[in-house]
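There are 2 protein chains.
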Amino acid sequence: MELTLDGDVVRAGYEARERFYDSRGYGKVRNGDIDLAPVEAAHLLYRGDIESIDGMDFRAFLGSAAVSEVAFAVYKDLRDRGFYLTPAREGWVDDAAGTDFVVYPRGKGPWDNEVAYRVRVVGERDTVGATGLGNCVLAVVDEESEVTYLDTERRDVAGTSDAVVPTTEGELLEERVVCWEPPAELYEQAFYGQRLDDEGAVQLSLVEAAYLAREGLLTVEGGAAAVVERGREVEGDRFDRRLAVYAALRGSGVAPKTGFKFGADFRTYADVESAENLGHSELLVRVLPAGHRFEPRDLALDVRLAHGVRKTMMFALTADSGGEGTDSDSIEWIAVERLTP
Amino acid sequence: MELTLDGDVVRAGYEARERFYDSRGYGKVRNGDIDLAPVEAAHLLYRGDIESIDGMDFRAFLGSAAVSEVAFAVYKDLRDRGFYLTPAREGWVDDAAGTDFVVYPRGKGPWDNEVAYRVRVVGERDTVGATGLGNCVLAVVDEESEVTYLDTERRDVAGTSDAVVPTTEGELLEERVVCWEPPAELYEQAFYGQRLDDEGAVQLSLVEAAYLAREGLLTVEGGAAAVVERGREVEGDRFDRRLAVYAALRGSGVAPKTGFKFGADFRTYADVESAENLGHSELLVRVLPAGHRFEPRDLALDVRLAHGVRKTMMFALTADSGGEGTDSDSIEWIAVERLTP
Numbered sequence: 124m125e126l127t128l129d130g131d132v133v134r135a136g137y138e139a140r141e142r143f144y145d146s147r148g149y150g151k152v153r154n155g156d157i158d159l160a161p162v163e164a165a166h167l168l169y170r171g172d173i174e175s176i177d178g179m180d181f182r183a184f185l186g187s188a189a190v191s192e193v194a195f196a197v198y199k200d201l202r203d204r205g206f207y208l209t210p211a212r213e214g215w216v217d218d219a220a221g222t223d224f225v226v227y228p229r230g231k232g233p234w235d236n237e238v239a240y241r242v243r244v245v246g247e248r249d250t251v252g253a254t255g256l257g258n259c260v261l262a263v264v265d266e267e268s269e270v271t272y273l274d275t276e277r278r279d280v281a282g283t284s285d286a287v288v289p290t291t292e293g294e295l296l297e298e299r300v301v302c303w304e305p306p307a308e309l310y311e312q313a314f315y316g317q318r319l320d321d322e323g324a325v326q327l328s329l330v331e332a333a334y335l336a337r338e339g340l341l342t343v344e345g346g347a348a349a350v351v352e353r354g355r356e357v358e359g360d361r362f363d364r365r366l367a368v369y370a371a372l373r374g375s376g377v378a379p380k381t382g383f384k385f386g387a388d389f390r391t392y393a394d395v396e397s398a399e400n401l402g403h404s405e406l407l408v409r410v411l412p413a414g415h416r417f418e419p420r421d422l423a424l425d426v427r428l429a430h431g432v433r434k435t436m437m438f439a440l441t442a443d444s445g446g447e448g449t450d451s452d453s454i455e456w457i458a459v460e461r462l463t464p
Numbered sequence: 124m125e126l127t128l129d130g131d132v133v134r135a136g137y138e139a140r141e142r143f144y145d146s147r148g149y150g151k152v153r154n155g156d157i158d159l160a161p162v163e164a165a166h167l168l169y170r171g172d173i174e175s176i177d178g179m180d181f182r183a184f185l186g187s188a189a190v191s192e193v194a195f196a197v198y199k200d201l202r203d204r205g206f207y208l209t210p211a212r213e214g215w216v217d218d219a220a221g222t223d224f225v226v227y228p229r230g231k232g233p234w235d236n237e238v239a240y241r242v243r244v245v246g247e248r249d250t251v252g253a254t255g256l257g258n259c260v261l262a263v264v265d266e267e268s269e270v271t272y273l274d275t276e277r278r279d280v281a282g283t284s285d286a287v288v289p290t291t292e293g294e295l296l297e298e299r300v301v302c303w304e305p306p307a308e309l310y311e312q313a314f315y316g317q318r319l320d321d322e323g324a325v326q327l328s329l330v331e332a333a334y335l336a337r338e339g340l341l342t343v344e345g346g347a348a349a350v351v352e353r354g355r356e357v358e359g360d361r362f363d364r365r366l367a368v369y370a371a372l373r374g375s376g377v378a379p380k381t382g383f384k385f386g387a388d389f390r391t392y393a394d395v396e397s398a399e400n401l402g403h404s405e406l407l408v409r410v411l412p413a414g415h416r417f418e419p420r421d422l423a424l425d426v427r428l429a430h431g432v433r434k435t436m437m438f439a440l441t442a443d444s445g446g447e448g449t450d451s452d453s454i455e456w457i458a459v460e461r462l463t464p
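So the protein lines, in turn, are chains A and B. FYI, the numbering for the first sequence is 124 to 464, going by our numbering. FYI, the numbering for the second sequence is 124 to 464, going by our numbering.
It cannot be assumed that every hint is accurate.
The list cannot tell twin chains apart, which means a pair is met if one copy fits it or any two copies do.
[As the list claims (entries may be wrong)] Derived SDA-like pairs: lysine to any residue, alpha-carbon spacing no greater than 20 Å straight-line: (1) Lys384 x Arg416; (2) Lys384 x Asp421; (3) Lys384 x Thr435; (4) Lys151 x Ser284.
Just so you know, these hints were derived from the structure itself, not from any lab.
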């Protein structure tokens, strides 16, 4: 079968519709015939189901401007995995925006009304805007044409870590605050800080101390302002973003601790009853400004690490409130996990 | 015992020498007496072995400018782990440069002539120059005062992956080169590229193609220059750095493949006999310009991930050759691994 390209669509007749759409889910039906997107036509060429498009064989068509190698790599990979899928063009699928392919559950096709994944295709060298993520699967094509799937989802954070802490006194040192005579609840129930030794003094990080001071639970010379100021001195704006996310996590009943060993801002415990008897921490949280654009490689690194330690990678996007600091109420939470379709 | 600070040294007499140096390895002997560094004196205060320094108790001394909290956290951690150690001051130890503490093997002390680790102390918010690493252990103190140890070592790369490949022809597409009729050796023995399907065409990454073209093993329209130009278009200077490291790895008998799934530049196979029968890849390689300064958090992320997948994290520092591209011969290799002292 030889077909022709009409603008950005390959048009084919009733016979092609029977062979490609009805039995294998390629293309979009139009007046009883079918339209094929170039990436679909390329796949049919590749399989030998059609011979040429405008006289081009697979090799010539892939080398032409009509079809993107990156989109082809993903399309082929999903077909190889046994899925039917439709290019997300306006009029071809619902909610096409931000999506490249609509993938149906295995055994289903465009004639069913079910969607397994909304896939967005990116090359390893493209950057991806953080706010555009959530409710789509990123299919990243690396330089060797392998595809990595990352499922992105908007998700709320919630837990039951809400132990009550009496007010305590702290001393601001260089980059931490020491509570020399803390109430036992501070560390033992609420899991703030680290003990300097097996008992007695507790060291708080600047972000913990700033949060507690703002909540009125820590008195320190100069008040919360002095701690925040020190935080900004040593971390810049990042301190405000981290403090906003820390406060939002605590406000949701989740206990955040440093994620340093995992290269993240925080790891979190949803149900702390005591520091002695901690469960597994569930999330790794990386704090980013809402305008952040990811390098797919950095995303792959974070998600791979989180997976390896049985945690979920969560990105907390903070909006600049325009005034003092960063707003804890407007944080967007995006969970990203590896997916094997 | 009450002692006094004299400049940046706490001086103590014969009795202190017996109690602290002879039996527990604190300080430096001077004319039969001992000098203590402030961090050592702080530890003795903390333990209650001395009562005060210039009238200050532990709390006041730690809050003073005389002693760094970060250095104290590492000193205490190593003492808690059962080590004797000496602050690396000029005249106190050999080769003090770039080191904060010289740590002796367990059961040994400053009177023996053995060194277990040369430790460099950094705070989580400090940056660390890449070229200064190698042959030292970084002790990173995070915001919650926990210490993470990273062993850094200069190390050469070597392997036996040196299959001979006949010259082949490729076609430059957007961000890859396709060899439509490659010799079997290209992929199967030498492990260049990825098959488009189970057999037949092989897709090369731009860095693989540029290397092969420079070696005279790949003919492509416009030659190696066209591939390098495309690489620079899509990656900028980074492409030259990656190509230099790729060439150095291949030149050392190691087969590099993309490290994308691990967030790195390359993963490497030291002893490839065939693509069908690959061993475990040993290294993750991240390519950096020699002037790079690490954020300790990024270093922790890379090293943790590599550890989790049973590989060694290797940083390849490239020097700008000043002329065309980057020099493959002047790459510095630094392996970084987690250490539990």
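Verification of the supplied hints:
no. : hint            : verdict
1   : Lys384 x Arg416 : between (24 Å within a copy, 19 Å between copies)
2   : Lys384 x Asp421 : both (16 Å within a copy, 10 Å between copies)
3   : Lys384 x Thr435 : both (15 Å within a copy, 17 Å between copies)
4   : Lys151 x Ser284 : neither (51 Å within a copy, 49 Å between copies)
Of the numbered hints stated above, the single one contradicted by the structure is hint 4.
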